[in-house]
Amino acid sequence: MQQAHPAPAGIEPLGPEDLLDLYAAMVRVRALDERVWILNRQGKAAIVASCQGHEAAQLGSVWALRKHAAAHFCFTYYRDMGVCVAQGLTMREVMLGFLAKEGEPISRARQFPLHGADVGRGFMNLSNVVGSHVPEAVGWALAAKLRREPTVTAVYLGDGAASQGDIHESMNFASVHNLPVLFLVENNGYAISVPLHKQMAIDRVAERAAAYGMPGVTVDGTDVAAAYAATAQAVQRAAGGGGPSLVEFDVERYLPHTSDDDDSTYRSRDEVEEGKKRDPLAKLQQRLLAEGVLTPERNDELRKAARREVDEATDAAEAAPYPGAADVLDHLYAADGR
Amino acid sequence: MPTLTLIEAVREALREEMERDPSVFVMGEDVGRRGGVFLATQGLVDEFGEERVIDTPLAESSIAGIAMGAAMAGMRPIAEMQFADFIWPAMNQIVGEAARARYGTYGGVHVPMVVRSPYGGHVRGGLFHSQSVEAYFAHTPGLKVVIPATPYDAKGLLKAAIRDDDPVIFLEHKRAYRSVRGDVPDGDYTLPIGAAEVKREGADATVVSYGLTLHYTLQAAETLAQEGASVEVVDLRSVRPLDAETVLRSVRKTNRALIAHEDNRTGGVGAEVSAIIMEGAFGHLDAPVMRCAGLDIPAMPFAPTLESAFMPTADKIAAALRELLAY
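So the protein sequences, as listed, match chains G and W. Going by this note's numbering, the first sequence opens with residue 1, and the numbers climb by one from there. Going by this note's numbering, the second sequence opens with residue 1001, and the numbers climb by one from there.
By construction, these hints were calculated from the structure, which means they are not laboratory data. Idealized CB from N, CA, C, for every residue including glycine. Be aware that a few hints might be false.
[Said to hold, decoys possible] Quick look at which bits of chain G chain W covers, simulated, 3 or more residues with Cβ under 8 Å: (1) 143 to 150; (2) 159 to 171; (3) 199 to 208; (4) 324 to 336.
Put together the whole structure using the sequences plus the hints.
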């Protein structure tokens, strides 16, 4: 895919402190992601969908929302562990989700890991029907506009979701009504096994933005600074009443679609190895070490601390019981609440 | 007390609720300047402006999905599906998403949304402007499905639906819109969703019905009265939740039950009501539970003769009642 690397006007590039924060967040998310795969192979986590390769896009975009919107809300999809963690989901809570244990906070283990809602922490992921959350995000943005609230809504979706009719309807409506919503497309080139050229006859999802009358840009989503800058520009536009934008992150999925998938049936190992060269964590580490922002000692500390935190979260989740079934009927209707 | 048509009662409920609560807004195809193709929203855009009376693109899935998103954010949207036959593109958003939101988040979010839609036939609507759709939604945990038969019920139940904290499918029969008139008090009142009402007292048989068919049932009961039979008529008013107690109380008294609805017979609300009666009043029955329903073909053919062949008319309900009483 061709790359566009805009240096958006009026966006202050991230400084060393922010980059270090982002790196630390990325280290934590990676440690968590790697561990849930192990737990899956141990038979403890029923299903894993990885964010590896997407972390820079997810974390860089949340950093942009934090810095440039007075308030924001994220509609995520199954691959967005980085967004959930950036929005405040703790490692222990993530692990409770992967192991479907008592105390899981966003669906009480009724849903797949990372699915549910936490309005207080500003994210929700209701559905496994790919793309269905996109009109809902537009509705969330419509509510903000009607109430004159400053919330910028960000909706994350993959290239696979981009084929759904709901996405067309959503972008069209958002643009007609000039809504403060960002369509953030994590394009990893595959809808499970179907490569991009069988999904669309164009190279970039962002090309479609023009048809809706909104800006669309494609950036290297493995470069956290680029992901941040492109999102920041879209956030500023939305927050300033300029309406929706589409930001497409060119990312890599060098693991199978989920723990239930076998990507060797449809991808060459050469292609996968090529993708790993764009590992966003390795790229940021290399940059920060080269620039002297990160020392090898600090790097070791960060990685050890992340592993420790993952160990503790895993132990806590493994020790937790499965939820009891006494409340299986609760919260179907308002009257069924507890 | 003023006499209103059913559609006037709907319009009055919408206007009063929008006046009462600024979070209530209307969205759908042609609901603005045109006032809706049946004029349910006539005049609302003048009174409340284009921000609260939103003419949407012709795209049912996102009408439902956007309404759902706004509802989760605390608004009270009323999404209009122009015809119930057009609701299928929105099925995923309503059944897959809205119905599951509260349950799937353990109460973390909820969807105070109303989806209003004109349903039903005998209006020369053909295969794509005549359908009854309630069974699809009545099957879905998380939804409420309301079908008023009278203007009084329409106003009180629509207000209750708008104030309800869960998604409500509100179905209004097209033929009832202007053919059914009734007393509607001025001002504010609500009716509880999930409470059936006995619309006619009787002793010899019970007919459970709702919507336009309720009126055909009342006509049939009148015919049977002239033949010496006393028929009780129960109006379900909502098919989910379904007021089993009122149905069972009536059947335990009359010992005979017929369910009459316009929707297709197979897998319809009648099947559920029949099961409820078998489970709760088997020992009281003097005859098998019977159904008088729309034919098992797509609703409904265009030609007037074919349309009449489909419909559970007053004559057909009366015939079914004679059979039930003779058993």
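Task: Violated hints - listed by number, lowest first - done: Hint 3 alone not satisfied by this model.
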